Amino acid sequence: MKLNRPDARNAVTRRATEAVILFAVGPNTFAIPAKEVDEIRDLHELRSIAHYTARTEVAKVKSTLVRERKTYFVVEAGQHFRLEGSKPSRVMILRNSRAAVAVDSIDRIVEIQHLLSLPHAFHGEERRWYRGLALLGDDNVVAVVDSTAFLSASELTLVQGCNRLAKGAAV
Amino acid sequence: MTPSPRVSTAHTRQFVLFPLGKKRFALTADIVAELARPDRLQKFPHTTRLLAGVLVRRGHIIPVCDVAQVLVGTDAPARKFYLIATRRFGRTLELTALPVTGECELTHAEVLPPTSRLPEYVEGLLSLDDEIVEVIDLETLIAYDSTRPRKKSASEVTA
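Protein sequences, first through last, are from chains A and B.
Straight run, no breaks: the first sequence in the numbering used here ends on number 171.
Straight run, no breaks: the second sequence in the numbering used here ends on number 1159.
These are computed hints drawn from the structure, not numbers from a lab.
Misleading hints may appear alongside valid ones.
Said to hold, decoys possible - If you want the footprint, here are the derived chain A segments under chain B, 3+ residues with CB under 8 Å: (1) 73-86; (2) 92-99; (3) 132-142.
Small disclaimer: the values here were computed from a predicted structure and weren't measured.
Cβ coordinates follow ideal geometry from the N, Cα and C atoms, glycine included.
The shape of chain B in the complex, shown without the other chains (with noise of 0.2 Å):
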């Protein structure tokens, strides 16, 4: 993982910014583990909704949850890593994996309140350089219906 020569204030927070094809998203950096290369995905029958299966990560069993379906629609390109994050149940934390397209960068950004045409899974954005990067809530994210129809991403918004 990059990190990012911006620097950190006040009002900043710090983020990962993840790949999924052409498009580059943030989760704040509290919940992120670890940018892990690929691992084998093993796979058996289950009912929920954007589970792909499950990694072995010294001798730990993590769910992969492939957020792109959502994110950028079913013809996302091939994921080569993943960036491992934490989501709680209860009193219990448990790590997940979410399948990127490339290389993450870690930066400190402020963060912009998200406009209302965006999807609720979207809780505020960062402007940096050159392009407006959506901050993803995860929780949100995976309960999102995906056959939905999807709002428009913050640069088609902003276009």
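So that you can see chain A by itself, here it is in the shape it has in the complex (with noise of 0.2 Å):
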């Protein structure tokens, strides 16, 4: 029985084609934007830091990995989210960023079609992980994830501090 159906529609927030990557993590698959993305590596050529971030606000960095000079922080995807039971396997180095992120596997690239806002009702961190919502198909909802939330610029300073104590340590 339909009483009073307001047009409470989920707003648009973005109508092109956007290619994103299907990422799991846990029982959970996400969405990043694949621009977003410069490489997939596997856990080859990480380096330890967990035992300098183990006690501070960025537990979530377990180790860093040096590309071309530079050096990335490791985000653990399932420490982000707040999820149990994640096996890493892979690392996705993040364009413009010093980040990378650790997550189980990737499963694809697709293209969506409309990036839906997140509902108002949702009002913890999820506002901060997430760029919005995608439906995959008719009825598949997959979170698309705001990559520059895997390490804020406080976070970064502190796993910075956290890398140069780990590298006092190794000389």
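Assemble the dimeric complex from its two separately framed chains, guided by the hints.
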């Protein structure tokens, strides 16, 4: 029985077709715009700094990797999204960023038609984590991550300090 | 949704009664959009309390808010339907799905003031044939801290 149905549609934040990479963390699938990923690697050549970040606000950064003389800080996506049971096997190096993201697996690249804004009912950290939601096919919802949220400017400063300590200890 | 045979008068308002286990609660009919059959609940990580995930209905994404956790506790029986209500966020209206455990009923009734011992999300009481039904203020309920000790329900207070 329909009583009163207002026009309460999700706002579309972007209409143009956009290529996104689907990746998995635990049982969850996420999307990240393909243009925001520079490279996907396995876990070789990661250097652990977990001992230096463990009791800090950047405990989600457990390792670094060096590419073309530039150090990237690897954020564990499972910890970023507060998920348990994540087993990373791939690292996505983000473009124009000092962050890389460790994820369980890379699924595929797909094109999304619309980016829908996150419903207002969601008011927690997810408002920072996601740019919005996308529909894959008719009814599969996937969260489109905001790649800048993986490592904020203040988190970068903190983790750079941890990395200096780690390097100092290694000398 | 079943319409009730009760007669409307100048003092009565329209409500949708919804069951959660053995109890029924009421929402003012103004904010109820429809009763929907079960849909696939889809989840993604978030930190907003009570939100269980989202539904996709007619191409729209509708958040699912499991208010049973607050109203009847964590041992509520399986929810069979979704009561879809409208929430206002500033100037924006947004649909929210509330899982309920059975068929809903549309009724006219006069609202009685709540007793002071009831939780603040109870905005009034309906005295129906053989039951007292709490009228729920949805926004207050969703903001309610369910970790606080639960106050007695209307039926417990009147018993």
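Here is how each hint holds up against the structure:
no., hint, result
1, 73-86, "holds (count 3)"
2, 92-99, "violated (count 0)"
3, 132-142, "holds (count 7)"
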